[in-house]
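Protein chains in written order, with numbering that gives the first Met the number 0: chain A, 0 to 424; chain B, 0 to 381; chain C, 0 to 312.
Honestly, the hints are just simulated from the structure, not real lab data. Ideal Cβ positions, reconstructed from N, Cα and C, are used throughout, including at glycine. Treat the hints with care, as some may be off.
[Stated by the list, open to error] Pairwise CB distance ranges (calculated):
(1) C:72 x A:297: 25 to 33 Å
(2) A:297 x C:3: 50 to 58 Å
(3) B:380 x C:277: 34 to 42 Å
(4) C:98 x A:228: 51 to 59 Å
(5) C:277 x A:233: 17 to 25 Å
(6) A:114 x B:30: 44 to 52 Å
(7) A:185 x B:379: 48 to 56 Å
(8) B:291 x C:63: 43 to 51 Å
[Said to hold, decoys possible] List of simulated lysine-lysine pairs, BS3-like, C-alpha gap at most 30 Å:
(9) A:221 x B:380
(10) B:123 x A:221
(11) A:334 x B:297
(12) B:166 x C:120
(13) C:95 x B:169
(14) B:355 x A:227
(15) B:265 x C:120
(16) B:249 x B:65
(17) A:221 x B:159
(18) B:83 x A:221
(19) C:143 x B:368
(20) B:295 x A:334
(21) B:202 x C:143
(22) B:60 x C:120
(23) B:295 x C:143
(24) B:159 x B:169
(25) C:120 x B:76
(26) C:120 x B:249
(27) B:301 x C:143
(28) C:120 x A:334
(29) B:355 x B:169
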Amino acid sequence: MTHPDGPGSPRGPLAPLQDRVRAHLPNPGLAAGKSAAPFVAAIMIALLMEHAIGPAVGLTWTKILLDVGIAIVLAGSLNVVNGYAGQFSLGQAGFMLVGGYAAAWLTFYGQIHFFDICPSGVEIDITDGKMCDPSTIVVTKEAVTCALVDCFSGKGATGGFLGSGQLLFLAGCILGGIVASLFGLLVGLPSLRLRGDYLAIVTLGFGEIVRVIGQISAIQPKDPTEIKARSMTELLNNLGASEGFSQIPDYTSQGTPGAMFWVFFFAFLVLIFIYRLKYSSKGRALLAIRENEIAAEAMGVDTTRQKVVAFVFSAFFAGIGGALYAHQIQALDPKELGFQKSIDLVIIVVIGGMGSITGIVLGAAILVILPELFREFSEYRMVVYALALVVVMILRPQGIMGIQELWELSPWRKLVQRIKRRGNK
Amino acid sequence: MDLRGWLRPKMFLLVLAALLACSKKEDGGSGPIKIGHFASMTGAQATFGISTDRAIQLAIKERNAKGGVKGRMIELKTIDDAGKQSEAATAVTRLINDYGAVAILGEVASSLSLAGGPIAQKSKIPMISPSSTNPDVTAIGDYISRVCFLDDFQGWVVAKFAFENLKAKKAAVLYDQAQAYSSALGKFFEEAWTEMGGTITVKAAYTGGNLEISSQLQQLAGSESDVIFLPGYYSDAATIIRKAREAGIKATFIGGDGWDSEELSKIAGNALDGNYFANHYSPLEDRPDVKNFVAKYKAEYKAEPDGLAALGYDAALLLFDAMERAKSLAGPDLRDAINQTKNFTGVTGTFSIDAKRNAKKSAVIIGIKDGKQTIAARIEKK
Amino acid sequence: MSDLLQTLINTLALGGLYALIALGYTLVYGILRFINFAHSDIVAWGGWLAFTIASGLGFLSGAPGFAMPLVMLITMAICAAMGVTIELLAYRPLRKAPRLNVLITAIGVSLFLQNVGMNDKLFGTRPTTIVPMMPNTELFSIGKVPVRLYDVLTIVLALVLVVALERLVYRTKMGRAMRAVSFDERVASLMGINVNVVVSVTFALGSALAAAGGILFALRNDLRLTSDSTWVLLGLKAFVAAVVGGIGNVRGAAVGALLIAFVEVFVHFYITRFFSGTEWVGKLQDVYVFMILIAVLMWKPSGLFGKSTVEKV
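Isolated chain A, as found in the complex (with noise of 0.2 Å):
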């Protein structure tokens, strides 16, 4: 695309600016369908996953491809801040431990609250302050007696497919993400006027301000009846102070039946939003932004507005993806959750390709299943990623996909021109 510009050009000097930004545009036969289907190919792909593949290759790999899946979700969130918008975050594993908390909240406080479900899955029944297994309960004039429940030693995830307790989780997820984003709104507003390297300090900042708040929290109560005798909000407090949130249900660990179906259900939501979100207005702006952001501006982008709600959608799905972690190690140290984290995601984006949705898939899928295949080197292994980050910066700066989605290249561009030739005749 090439026009002539300069002083005396009827496109004026800004000329450049607004070709790359059409570059952008979105290729029409590509374009976003009905507002179902996402969701419909989203859980079809999740049943694909949970029925088909997790039974064909045995829970090691289950575990592995659950990794994947939630560094899917974890990329794909900081690719609409890092990627699209080109502010550098460094603070998704705050909103991760946000998410996180919040969701091990509601699904173990709310367990033993709203359905007398121990974590362990075991039923239980608080009758004059014991807690008896309901099955057992006999009641008499004199007394009532029953057998006594251990709640925590026992068997396992709790509620079915699609039982009250995965809805339960499910919930906690939504509203893991939802916490997340009210911080990402904290974060992002007064973040706005600053640049990048700012930004990244003050993302680094915040991620350590939640683990410190994590800290501060009050420990976190096991016994039911002490947890029934509290209200929900009550109990918010209890975090688990610097011991971590424990014991929580087990949703999303390898052989725990929707395990695969929930995270790839979000894993390929996420996809779905971030390849909506590249081609839609909003997503143009956002690119605007990351070239050139006083041009954006002067293009009538509202660059204030678009990066803080960049900023507050990256945090949404960061918590989701924080809420599936936690649900899959089923305890949340707020240590573990630190710059480490936010940095080792920042590198599946870099090398897979920042603004790239194959991109992030491919990070994710390499940096997650290479260090399994090459445990031997494991010592090296961090190593090679700094090396990496740094040769990529200098000889690939825009990662292994770019900007560019697998189907923009040419091989497939020219194999989809030549059938639409073909249907054309």
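Knowing the structure of chain A, use the given hints to seat chains B and C on it.
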């Protein structure tokens, strides 16, 4: 066709999936008995994992020389978790599904045991933690047990020693707010101390690694405490004690098993004299079990075995003992044998596995005098 | 009264420490407009190199008086060389690239230094100390408050180096060149300034100061692994100090450092004393830094001594 980009990631995953489809390996009843160990062999906590692993390998070597268990040799696979929870979960998954371990040993850090434990529990494979002291670890389920004492016991032990042996009345606590272990141990001490009748003067927090704590030390200096409980890891504790002495703090410092390392006196120097810490055992103990173990470990690895090594050794030995007693090596049978262990004698003492799958043991209080460790007291189990 | 005095001394010492490290950040940012994430790792390496050299020369089992200055000078020289090399290999190729890219590269260099340092062949994974080389003797006391060697050394060294740097930046030809490049790189090069040399000198100076900071930190707090979060947080706080004072400004970095130290030591002490009933107040020490950063960025983003620049198209 250019496979770069679109097909590659998806095909990659599918091909791998097909190639690596595997089912859980079962123990066939003959051939070597497989044990898995997950530990931090790299990363910041590498010294913990390596110490434990060496002791386990020593135990296996000795046992195999005596004919193994039920005539079968014992084989070990150790997978590194690099100190991360997610990797701990993967490590246990691999050990159980790919390697086919009949039992898992691990971990030292409670947060990592909390990450790996649920998988062992779900897969019905017994897991014995050598050194995780957080009460929540065994609460995961009936397949998880441990051979060390708990933090609530440890806190009580230190309080008892300070109250009865040191005749202290006022104690301060300086704990690491970023470490679950330190924070929990500090709380247990506080509970036990106030129950015994002592008073807590100051409860101050620091963040591990950030030792510019002059204001905390100032607080402590002005608190007129008899003892200061310092339940942190040795790397922080050593520096803090030295700084405290420089700041003019005269109180006696007491720590927990986190102090157990040869670097402690190296870093703290003379400042360490006159302080104490609770531990699972001491290489100086007079018992023949201890003397044998220390000699063998020194011969093999040219280093003195610390508490973690002793616990790793005992965990392995207890596992072998349980395997001998068990009806079979299947999960439920092995679990029962482990959980029913009574009066097992190991390097760290004689103990039984109780109903909550914890070990009721005694603790040793180690004192430092003239740069050398001495055994100041032995506090029996409650 | 003695509490106040003790707190003041602690504040000055910590402030001096932060200042030494902040100077490196502020100089590099002033000239190249990016945060050198790897700076905190030079600090770490400075401490560890000092340990390696000291133990190699046998200074850790009894050392003569000149041991510390010798080790410090050697370490500063090595780190200066390291800084220049890193700039040459990792940052110079990206001189014209978007700032974000350099930032990511800096993170890569930082990770590299952290993990290579941890290798058994280099510094290993066991914490250690360099105190035996120069114990923290009590020099004198003001009333009941002891004044010790490390605090005095930190304050004096920080003061000397800050003043020296100030003179260099404002009174020498090289300093003028540095300031010119920080105003406008292209015009400076048009005026005959060799930008590459200026950049190298800046990195050398910053890294040498970082090494000094690292050695002092190692004396005061012993040596953790290179990959420990200690170093990153130390660097972070020093960078915040530079921002608070006005990035690119030498005096600002020193003042910012003192301010941060003031809050972390002085304010923290009196707040915990005031709220001695509540435990969680004492846990906030880590976040004061970020609260100050956010406050400064919201009200005067250019920092206390900085001048706001208008970004031209």
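CB-CB spacing for residue 277 of chain C and residue 380 of chain B relative to the 34 to 42 Å hint: holds (36 Å)
For the range 25 to 33 Å, tell me whether the beta carbons of residue 72 of chain C and residue 297 of chain A fit it or not. The hint (25 to 33 Å, Cβ to Cβ) is violated, given that residue 72 of chain C and residue 297 of chain A are roughly 53 Å apart.
Taken at face value, is the distance from the CA of residue 249 of chain B to the CA of residue 120 of chain C at most 30 Å? Violated, at about 40 Å.
Assessment of proposed distance window 43 to 51 Å (beta carbons of residue 291 of chain B, residue 63 of chain C): About 46 Å separates the Cβ atoms of residue 291 of chain B and residue 63 of chain C, which means 43 to 51 Å holds.
Agreement of residue 120 of chain C and residue 334 of chain A with the hint, judged by alpha carbon distance not exceeding 30 Å: Since the Cα atoms of residue 120 of chain C and residue 334 of chain A sit roughly 28 Å apart, the hinted pair holds (cutoff 30 Å).
So if I understand the rule, the pair passes when the alpha-carbon distance is 30 Å or less; does residue 166 of chain B with residue 120 of chain C pass? violated (48 Å)
Does residue 355 of chain B pair with residue 227 of chain A here, judged by a C-alpha cut-off of 30 Å? Between residue 355 of chain B and residue 227 of chain A the Cα gap is close to 24 Å, so the pair holds against 30 Å.
Compare the distance between the alpha carbons of residue 355 of chain B and residue 169 of chain B with 30 Å, and conclude whether the hinted pair is satisfied. With Cα atoms ~33 Å apart, residue 355 of chain B and residue 169 of chain B exceed 30 Å; violated.
Satisfaction of hint between residue 120 of chain C and residue 60 of chain B, Cα-Cα up to 30 Å: Given pair residue 60 of chain B, residue 120 of chain C holds - Cα atoms ~29 Å apart, limit 30 Å.
For the pair supplied as a hint, residue 249 of chain B and residue 65 of chain B, confirm whether the alpha-carbon distance does not exceed 30 Å. violated (52 Å)
Just to be careful, I want the Cα atoms of residue 301 of chain B and residue 143 of chain C compared with a cutoff of 30 Å; is the pair within it? violated (47 Å)
Assess, step by step, whether the Cα of residue 295 of chain B is no farther than 30 Å from the Cα of residue 334 of chain A, and give holds or violated. violated (38 Å)
Taken one by one, the earlier hints fail for this structure at numbers 1, 11, 12, 13, 16, 20, 23, 26, 27, 29, listed in ascending order.
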